[in-house]
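Construct all of the structure, not just a fragment, from the sequences and the given hints.
2 protein chains.
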Amino acid sequence: MIVALAGGVGGAKLALGLSRVLPEDRLLVAINTGDDFVHLGLHVSPDLDTVMYTLAGLANPETGWGLANETWRFMEALKRLGGEAWFQLGDQDLATHVERTRRLAAGEPLSAVTADLARRLGVRHAIAPISDNALRTIVLSKDRAYAFQEYFVREKAQPELHAVRYDGAAEAALAPAVQAALTSAGLRGVIICPSNPFLSIGPMLAIPGLREALRARRTRAIAVSPIIGGKAVKGPAAKILRELGQDVSPVSIARYYAGLIDVLLIDHEDAACAAEISSLGIEPVVTPILMQTLEDRERLANMCVHSLQ
Amino acid sequence: MIVALAGGVGGAKLALGLSRVLPEDRLLVAINTGDDFVHLGLHVSPDLDTVMYTLAGLANPETGWGLANETWRFMEALKRLGGEAWFQLGDQDLATHVERTRRLAAGEPLSAVTADLARRLGVRHAIAPISDNALRTIVLSKDRAYAFQEYFVREKAQPELHAVRYDGAAEAALAPAVQAALTSAGLRGVIICPSNPFLSIGPMLAIPGLREALRARRTRAIAVSPIIGGKAVKGPAAKILRELGQDVSPVSIARYYAGLIDVLLIDHEDAACAAEISSLGIEPVVTPILMQTLEDRERLANMCVHSLQ
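Residue numbers (the working numbering), protein chains in the order written: chain A, 65 to 373; chain B, 65 to 373.
If you are wondering where the hints come from, they were derived from the structure by calculation, not from laboratory data.
It cannot be assumed that every hint is accurate.
All copies of an identical chain are treated as equivalent in the list; a pair is satisfied when it fits inside any one copy or across any two copies.
Listed next, the in silico SDA-like pairs over lysine to any residue satisfying Cα-Cα at most 25 angstroms (straight line) [what the hints assert, rightly or not]:
id, residue 1, residue 2
1, K143, R183
2, K143, G105
3, K298, E134
4, K143, T165
5, K143, G186
6, K143, H103
Below, the structure written as structure tokens:
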């Protein structure tokens with residue numbers, strides 16, 4: 065069993081690659097829920113859904129999130145009624161939120177709902193929220209706190225990030241499937257997907273048990289850099305590194321994960337960083353890590369699996 | 065000011081006619097909420113929405129309920145997820161339920177939410193739920209109780225109706241706008257639309273204040289028969305009358321409303337019932353009451369308004 069820690073789009077890409085090179089019972093994708101929020105009374109889990117839709121082959125290939133062939137009649141009608149329209153909910157996607165909200169309200173844990181919805185959509189590998197408890201990433205600028213989606217979607221990640229807080233993390237427990245996989249005798253390694261360290265992986269590492277499991281690791285753990293050649297592949301990771309006074313470089317990623325991983329996969333563009341990464345006690349592996357095609361995803365997934373050996 | 069008491073499709077037809085012959089500030093449509101239910105976590109108000117969409121010119125002309133040019137992507141996706149699919153929720157219609165549910169949860173009364181949504185959809189006349197409190201019509205067969213939509217939609221009104229119960233009615237208060245209109249010095253009359261007496265008007269009459277206001281009436285009150293020539297124009301009214309051992313005739317309607325109305329409008333097909341209706345202390349007015357065209361609705365509306373004089 066391999067555990068992959070994934071955020072949204074970047075995590076889903078590598079998770080898809082892993083699902084194509086690993087048997088069904090050998091992969092658990094543990095997914096960030098720090099982005100989750102209640103919107104219009106609905107429990108929305110953006111990263112869970114991105115991974116679920118991607119593994120089901122239903123994701124929108126242009127955006128990387130949401131469903132393919134989506135329609136927006138609900139949003140148009142909601143605007144007409146004066147409803148909050150800054151967060152886009154597609155007509156089909158809405159069914160996921162309504163059904164999840166209903167089942168959570170009926171007392172089912174998020175991991176049980178997720179497993180069942182994923183199965184119904186045809187996902188064959190295991191996916192789980194990192195926790196069944198509420199976890200909320202809060203972005204702090206100098207003068208105020210933003211709930212994650214306010215910062216990320218409504219404010220388009222424009223506010224200067226001063227710090228990040230993971231509300232609920234200290235009281236949260238790892239989801240049963242994640243806990244079981246991490247402590248199982250069959251664990252063969254942990255892969256940290258190329259997701260944003262501060263916004264997607266950080267919330268998961270803040271839950272008691274995960275950081276400790278990586279620190280004490282009985283098996284190897286690796287990460288894939290979300291930074292290539294001084295830029296983030298997607299999203300605000302580069303901007304955030306600058307705002308935190310750090311270099312936009314895989315070295316900063318290595319520093320973030322120091323003590324938790326054995327290997328960091330970096331791109332050829334960043335080969336010059338290898339020595340500095342080594343000095344942090346992490347083995348750099350230089351390989352193409354940009355995932356544009358399905359073949360890229362599979363090749364990188366194989367590279368990750370081999371690096372665990 | 066004229067108050068019209070309306071249920072779903074039949075009520076909405078006459079309400080539309082009334083809205084076309086009365087100035088904006090001279091009509092309040094008070095609408096049954098005994099059909100309301102929480103479905104998939106959403107507060108659904110079928111009769112409110114049928115009247116609102118009809119007065120907004122947005123109703124589906126084929127069904128009489130729901131929105132015109134509706135799409136069903138949400139329902140298709142919900143089925144794929146194993147969700148409850150017996151109650152159809154269109155993609156645009158869903159926005160009404162989501163926004164209403166959100167605003168109710170935030171503490172707004174149903175009548176305030178209804179007034180605002182209606183205004184945003186372009187409804188110019190006043191519409192109000194009969195009450196801001198929970199009112200639930202329960203249909204009793206010999207061996208079990210059905211929540212209204214279970215009986216009406218899921219079971220397609222097939223179970224034999226033995227009795228009807230209006231849960232919450234005794235504790236409910238008339239909505240402020242309804243109470244104000246009924247007690248206003250400017251009240252010019254009450255019109256009971258051709259809705260199902262047991263399922264649509266009965267729940268409203270069970271709320272303290274309405275029956276009393278009609279009984280003591282300072283202005284005239286009239287009703288339009290939902291039965292024409294031994295048949296219900298729409299829905300299970302005829303079947304229910306038979307199950308309750310009553311004739312499928314406007315006479316049974318007159319008996320139901322005896323003491324509450326001055327006039328009952330009946331169709332030419334039922335002219336033979338006039339004498340028996342008179343004997344109940346209600347003046348029968350024989351006129352075409354079937355509403356097929358917009359002109360039919362306006363003509364009947366005018367007839368109702370004249371009968372109040």
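Okay, the hints, checked on the actual structure:
Within a single copy, K143 and R183 get their C-alpha atoms only as close as 33 angstroms, which misses the 25 angstroms cut-off; across copies the closest is 14 angstroms, which meets it. Taking the closest pair of Cα atoms, K143 and G105 come within 25 angstroms of each other both inside a single copy (16 angstroms) and across two copies (21 angstroms). When the C-alpha separation of K298 and E134 is checked against a cutoff of 25 angstroms, the pair qualifies only within one copy, where the shortest distance is 22 angstroms, while the shortest distance between copies is 36 angstroms. Taking the closest pair of Cα atoms, K143 and T165 come within 25 angstroms of each other both inside a single copy (22 angstroms) and across two copies (16 angstroms).
Taking the shortest alpha-carbon separations for K143 and G186, only the inter-copy value of 14 angstroms comes in at or below 25 angstroms, while the best intra-copy value is 33 angstroms. With identical chains, the CA atoms of K143 and H103 are at most 25 angstroms apart both within one copy (15 angstroms) and between copies (22 angstroms).
In terms of the numbered hints stated before, the structure departs from none.
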